[in-house]
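Asker: In order, the protein sequence lines correspond to chains A and B. Residue 437 is where the first sequence starts when you use the working numbering, and the numbers rise one by one after that. Residue 65 is where the second sequence starts when you use the working numbering, and the numbers rise one by one after that.
I should point out that these hints are in silico values taken from the structure, not numbers from a laboratory. Heads up, the beta-carbon is just placed ideally off N, CA and C, and yes, glycines get one too. There may be inaccurate statements among the hints.
[Claimed, not checked] Label pairs and their calculated CB-CB ranges:
#1 550(B) - 499(A): 32 to 38 Å
#2 202(B) - 483(A): 45 to 51 Å
#3 341(B) - 485(A): 36 to 42 Å
#4 499(A) - 399(B): 40 to 46 Å
#5 512(A) - 400(B): 38 to 44 Å
#6 202(B) - 501(A): 25 to 31 Å
[What the hints assert, rightly or not] Some chain A residues near chain B, calculated using beta-carbon distances under 10 Å:
#7 439
#8 442
#9 466
#10 477
#11 482
#12 486
#13 503
#14 511
#15 528
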Amino acid sequence: MSITDKDVRHIAKLARLKVDDAEVEKLADELGSILGYIKKLEELDVAGVEPTSHVLDLYSVTRADEARPSLGTERALANAPEAEHGHFKVPRVIE
Amino acid sequence: MSILSMTLKEMSTALKDKKLSSKELVSFYSDRIQKYDGDLQAFLHINENALKQAEEIDARRAKGENLPALAGIPIALKDLIVTDDMPTTCSSRILKNFRAPYNATVTELLRKEGMVVLGKLSMDEFAMGSSNETSYYKQTRNPWDLSRVPGGSSGGSAASVAAGLTPVSLGSDTGGSIRQPASLCGIVGLKPTYGTVSRFGLIAFASSLDQIGTFSRSAEDGAMVLSAIAGHDPKDSTSAPVAKKDYTLDLTGYVKGLKIGIPTEFFAEGLDPVVKARVEAGIAKLRELGCEPVEISMPHTDYAVSVYYIIATAEASSNLARFDGVKYGYRAESENLYDMYTATRSEGFGAEVKRRIMLGTYVLSAGYYDAYYIKAQKVRTLIKQDFEKAFEKVDAIICPTSPSTAFKFGEKSSNPLEMYLSDIYTISLNLYGGCGLSVPCGFDGKGLPVGMQILGKYFEEGKIMNIAHAFQQASGVSTDVPEGFKE
Chain A
437 MSITDKDVRH IAKLARLKVD DAEVEKLADE LGSILGYIKK LEELDVAGVE PTSHVLDLYS
497 VTRADEARPS LGTERALANA PEAEHGHFKV PRVIE
Chain B
65 MSILSMTLKE MSTALKDKKL SSKELVSFYS DRIQKYDGDL QAFLHINENA LKQAEEIDAR
125 RAKGENLPAL AGIPIALKDL IVTDDMPTTC SSRILKNFRA PYNATVTELL RKEGMVVLGK
185 LSMDEFAMGS SNETSYYKQT RNPWDLSRVP GGSSGGSAAS VAAGLTPVSL GSDTGGSIRQ
245 PASLCGIVGL KPTYGTVSRF GLIAFASSLD QIGTFSRSAE DGAMVLSAIA GHDPKDSTSA
305 PVAKKDYTLD LTGYVKGLKI GIPTEFFAEG LDPVVKARVE AGIAKLRELG CEPVEISMPH
365 TDYAVSVYYI IATAEASSNL ARFDGVKYGY RAESENLYDM YTATRSEGFG AEVKRRIMLG
425 TYVLSAGYYD AYYIKAQKVR TLIKQDFEKA FEKVDAIICP TSPSTAFKFG EKSSNPLEMY
485 LSDIYTISLN LYGGCGLSVP CGFDGKGLPV GMQILGKYFE EGKIMNIAHA FQQASGVSTD
545 VPEGFKE
């Protein structure tokens, strides 16, 4: 399975990761070799097999809609790299 | 009697009878951490209030309060279980100095039990690794040979118990991260059935696979801790409706007539001959105890690693999207939001984490979703059926935990795929979701421990721990601390 440099740059963009040129080639090789191993799954015929996303028989788990104490603004913001007026602050979004 | 050789039950009794105080116990282990952790590199954070908390327990006991069985006994936690009084870093730069605003359910349960948390333990970054080498902060060493890895990802949890720096610890197991390091460090590591222990406050890696479990010298010690942390949690919607129970009651030591499945696929090519011989000797011992070995086949074993590295990375790529420099953790300064996200994540995550996020993003991306992700979920069904069919015939499955004993630092870290294959015997169980443990079954020629794996059906922790218990009683395989940690 070969992964092109273009693929690597595309995935990095989707994953919000920055990869420099030297990393692109290395990642293409590494991902290619892992995907080459994973290719093994092609040997299996899975027609008619249901996918398993979760092992327990739990469906639509909900709790009662009751108000409960929550963290509160101060604790929720305690780890924020930047906060202002009770909000998380981020760099400019609209130029 | 030296504290180091005491079981939790003995500690519990001595505390109750006031022959020992929690303060003495905590001081004993704190001194050992002081003395040995420079070599071992297991602890990322030390609980500065441990002694004070021990004194509080002692004071409550002195007043005649009836305390839970484990009150006053020390424990340590893998650094992905959140605690509001210490940092939780997942061994990652992106969570440097992160202090959670709340406690994990297990942290609360341990507090309610009165256990004293000594500190937080090193791991592979975000639990991604099998050797502790991907930690941003420190690489924990194997106490049996400091030039070798302790296994991973719960390497600190395993090494700290093996070296006697804490009597027990908690870790998490997504693809073998409790059982493999337990095996490489020569102690007992239990991964309970998926959903048995709440994942609330466990920083997620792969949500359909992650499970918290215990490290201990004996199956009995593990059963005691499991009794304190297992049970349904309304805060975790994937938590199973299991009732609280005392798992030590299952440890009768009586295993006569139990059918143990020996899967041919787990003893094939790639298994170190010495590991094979020790596990086979373990099986022979179980036969002596009255277990009946049955040869079984689990035909889809060979596909488990592939399925795992699709499902686990897909889930991880989604779970780790939350680390973006906005609400907590590391932030790289940038002019605009998009650059802030990418710079934060690129500087904050290590190479292995980025590799897995990339792989997970790829298998979920348009055009590949069906070929990889859905296909993997279907093969997961086949692997699950292998287990279900096996458990129609047998009570438990016995196999090696790891294909080799502890390897050297750097030996596998340059080749991700080779590292992934070191989890070849542990991964299937997570895909099925049942319970499993590793119990020491001897040593190799270099004096390194070998682990035997015992796998069980959903919610049959008691049964597999009883087999391990009976085995430990009969085999006499030592779980004493290694030379160099005995003083």
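Asker: Hint by hint, note whether the structure agrees.
Answerer: Each hint, compared with the structure:
At about 50 Å, the CB distance of residue 550(B) to residue 499(A) disagrees with the hint of 32 to 38 Å. The hint said 45 to 51 Å for the Cβ distance between residue 202(B) and residue 483(A), and at roughly 49 Å that hint holds. Between residue 341(B) and residue 485(A), the C-beta spacing of about 37 Å keeps the proposed range 36 to 42 Å intact. Distance hint check: the CB atoms of residue 499(A) and residue 399(B) are about 43 Å apart, consistent with the given range 40 to 46 Å.
For the pair residue 512(A) and residue 400(B), the supplied restraint of 38 to 44 Å is violated, since their beta-carbon distance comes to about 25 Å. With their beta carbons about 45 Å apart, residue 202(B) and residue 501(A) fall outside the hinted range of 25 to 31 Å. Hint status for residue 439(A): holds, given a least beta-carbon distance of 8 Å to chain B, under 10 Å. Interface hint at residue 442(A): violated, since its Cβ lies 13 Å from the closest Cβ of chain B, which is beyond the 10 Å cut-off.
The interface hint given for residue 466(A) holds, since its Cβ lies 6 Å from the closest Cβ of chain B, which is under the 10 Å cut-off. Nearest Cβ of chain B to the Cβ of residue 477(A): about 5 Å, under the 10 Å cut. The hint holds. Annotation: residue 482(A) was flagged as interfacial toward chain B, and the flag holds, the nearest CB pair being 4 Å apart, inside 10 Å. The beta carbon of residue 486(A) comes within 6 Å of a beta carbon in chain B, closer than 10 Å, and the hint placing it at the interface holds.
Annotation: interface hint on residue 503(A) violated; nearest CB of chain B at approximately 15 Å, more than 10 Å. Given hint, residue 511(A) at the interface with chain B, holds; its Cβ is 4 Å from that chain's nearest Cβ, closer than 10 Å. Annotation: interface hint on residue 528(A) holds; nearest CB of chain B at approximately 6 Å, less than 10 Å.
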